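Colleague: Now for the letters of each chain:
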Amino acid sequence: MIGFENVRKEYPGGTLAVEDFTLEIASREAVALVGTSGSGKTTLMRMINRMVDPTSGRVTIDGEDVAAMDPVRLRRSIGYVMQASGLLPHRTVLDNITTVPVLRGTAKGEARERARELMDTVGLDPELASRYPAQLSGGQQQRVGVARGLAADPNILLMDEPFGAVDPIVREELQSELQRLQRDLRKTIVFVTHDIDEAFRIGDCVVILRPGGRIAQVGTPQEILAGPADDFVASFVGADRGARTLHVERVDGRDVVVDADGRAAGVLAGAPAGGGNGSSGAGSRGTGSHRADGGHEGGRGQEPPR
Amino acid sequence: MSSTATQVLFDAPGPKGRRRILLLSVLSVVAILALLAGALWQFRSNGQLDPGKWIVYLRVDYLAFLGQGLWGTLKVTALAAVVAFPLGLLLALARLSRFRVLSTLAAVWIEFYRGIPMLLVVYAFLLALPAFGVTFPRFWMLVIPMILVSSATTAEVFRAGINAVDRGQHEAAAAIGLSRRDAMASVILPQAVRLVLPSLILALVTLLKDSTLGYVVSYNELQFQGKTLVSITRYLVQTYLVVSVIYIVINFLLTRIALALDARMKARAAAG
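Taken in sequence, the protein lines are chains C and R.
For the first sequence, position 45 matches number 45 in the working numbering, and the numbering has no gaps at all.
So the mapping is simple: the working numbering equals the position in the second sequence, first residue as 1, plus 1000.
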């Protein structure tokens, strides 16, 4: 569990990045911090591994104040994935992934073996192990970044707009891979993004921030879509433009979901009584091509027609 | 240098521009040939082209004498470089240090030796220090000033290299839990040294040329040997031409190595 208690960050020169931020992040949950630039989202995330120290207030991990921990040891215990991957250009893929475990004293051979497993987990061809980052595509680099973040098997994974620099198709691919990873690994993920769609895809819980780190709304994607707290949130998620509104049309005896422009978005899953949409997906026929199993994705598609 | 860099910096010349470039190239080649011809003509009318004055440089004892000088030059340069470059790196790190006192001391040291002509430092060792009873062998009277001056200039090369490493690399290193020292040693420095390697080889060329100050302390490096040869044979023009050619060849080779390294590094960085 990660706790923010009345956190404030003021930079020398008077810039106020975060005014007064309080939040609790449950363990094994993916939380997306989303906001425009200047909303303090990255600053807040960096307080967790002490890349930034708050001016006042406390940040705690499992009740322990991070200010009392040694920053270097703290950072080694927390995975970090950054934009443009932040890989070390003079080291091979494998060496990049093993950096942190080796620093923590894992034997090199063991670390390499685990790194190869991780490459498999994040969907990287084992042949890439001896390549240098410059020889990889953007998407591959990002996968290496994720593998490195997971290398020391941390409980917490911080992700700072990790998919911001790759093209939309690859981004979507990486997002679904991350969803899959998270289903298997159940880490506590703090994910910073300015893309609300990404936040809804990744986050079990989404925190929408206004400038100065003020919380506009906290909730599951379903809750936020169902009841935007105010006009700011409504406009941020696009509800005010009708962009999120889906309708159900009956075609050939089946319910087809149609978006605001009348384009087909998918088919309602087959449970005739409705509602019994098990997360395993075993009972329901997997019809909608975009459906991730269970959770919020389904919730989005089933907004009541207007 | 690489043609792509030139194309980025300048537009490719059109037909008119190409004609003008060709014309100017021809004119300058003609001018240079004319100058050379004039010089040769002068030499000839003064009897400097007399084969007897040149043939001696094929004699084994002459070559051995100059070879001794060349050996001295290489020895001095190599030793100075081996000490000065690591020292330069340490000075650069000191100057970038968070400890005010250390960084100020390093800055003063670097600026002092960077700003002072090396000849003055040599004089200090040759004339000033002995007045206080401190004397060094001739070899060290040349090498120590070379180290002092070269370490100061290479310190600035290293500092520029360290500062040129992407700022994101510092952040990336910190974020994954490298301490400042680890980050410097295993992330920043390897990249910085790669960046400045060509400049370091060029610093080696400068160092080699600086070793000619050996004549001041009468150390047997190439230039001093040449001077001695002149005083014996009186073949001033011939001797210094031969000596110059030797310097040019060595420095040309060093520069080629620097360029080749640079090209290889760029190729590797862009690979894939």
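Don't take every hint at face value.
If you want the ones that stay clear, here's a sample from chain R, every Cβ over 10 Å from chain C, calculated [as the list claims (entries may be wrong)]: (1) Ser1028; (2) Ala1064; (3) Leu1093; (4) Ala1174; (5) Asp1182; (6) Arg1194; (7) Tyr1240.
Stretch-level coverage of chain C by chain R, calculated; a stretch enters the list once three of its residues show a Cβ under 8 Å from a Cβ in chain R [unchecked claim]: (8) 88 to 98; (9) 169 to 175; (10) 201 to 213.
To give an idea of the chain R side of the interface with chain C (calculated C-beta under 8 Å), a few residues [said to hold, decoys possible]: (11) Gly1115; (12) Asn1163; (13) Ala1164; (14) Gly1168; (15) His1170; (16) Leu1189.
Read the hints as simulated data drawn from the structure, not as lab findings.
All figures in this text were calculated on a predicted structure; none of them were measured in a lab.
Using N, Cα and C, we set each Cβ at its ideal position, and we do this for glycine too.
Colleague: Non-interface claim for alanine 1064 (chain R): all C-beta distances to chain C beyond 10 Å?
Modeller: Since the minimum Cβ distance to chain C is about 46 Å, alanine 1064 (chain R) lies beyond 10 Å and the statement holds.
Colleague: Decide, holds or violated, for the assertion that all CB atoms of chain C are farther than 10 Å from the CB of alanine 1174 (chain R).
Modeller: violated, 6 Å
Colleague: Please settle this one: tyrosine 1240 (chain R) was flagged as non-interface, so is its CB more than 10 Å from every CB on chain C?
Modeller: holds, 45 Å
Colleague: Per the stated criterion, does the least C-beta distance between aspartate 1182 (chain R) and chain C lie above 10 Å, as a non-interface residue requires?
Modeller: violated, 7 Å
Colleague: Grab the minimum C-beta distance from alanine 1164 (chain R) to chain C and call the hint holds if it beats 8 Å, violated otherwise.
Modeller: Because about 13 Å separates alanine 1164 (chain R) from the closest Cβ in chain C, which is outside the 8 Å limit, the hint is violated.
Colleague: Are all C-beta atoms of chain C more than 10 Å from that of serine 1028 (chain R)?
Modeller: Correct as stated: the minimum Cβ-Cβ distance to chain C is 41 Å, above 10 Å.
Colleague: Does leucine 1093 (chain R) sit more than 10 Å from chain C, CB to CB?
Modeller: holds, 19 Å
Colleague: Can you verify the interface hint for asparagine 1163 (chain R): is its Cβ closer than 8 Å to any Cβ in chain C?
Modeller: violated, 17 Å
Colleague: Under 8 Å, Cβ to Cβ, is where histidine 1170 (chain R) needs to be relative to chain C, so tell me if that hint holds or is violated.
Modeller: violated, 10 Å
Colleague: Check, residue by residue, whether the stretch 169 to 175 of chain C contains three or more positions whose beta-carbon lies closer than 8 Å to a beta-carbon of chain R, and give the verdict.
Modeller: violated (count 0)
Colleague: Does glycine 1168 (chain R) pass the interface hint, meaning its C-beta sits closer than 8 Å to a C-beta of chain C?
Modeller: holds, 6 Å
Colleague: Is the listed coverage of the stretch 88 to 98 of chain C by chain R valid when you require three or more residues with a beta carbon under 8 Å from a beta carbon of that chain?
Modeller: This one holds; 3 residues, not fewer than the three required, reach chain R with a Cβ under 8 Å.
In this structure, the hints that do not hold are numbers 4, 5, 6, 9, 10, 11, 12, 13, 15, 16, in rising order.
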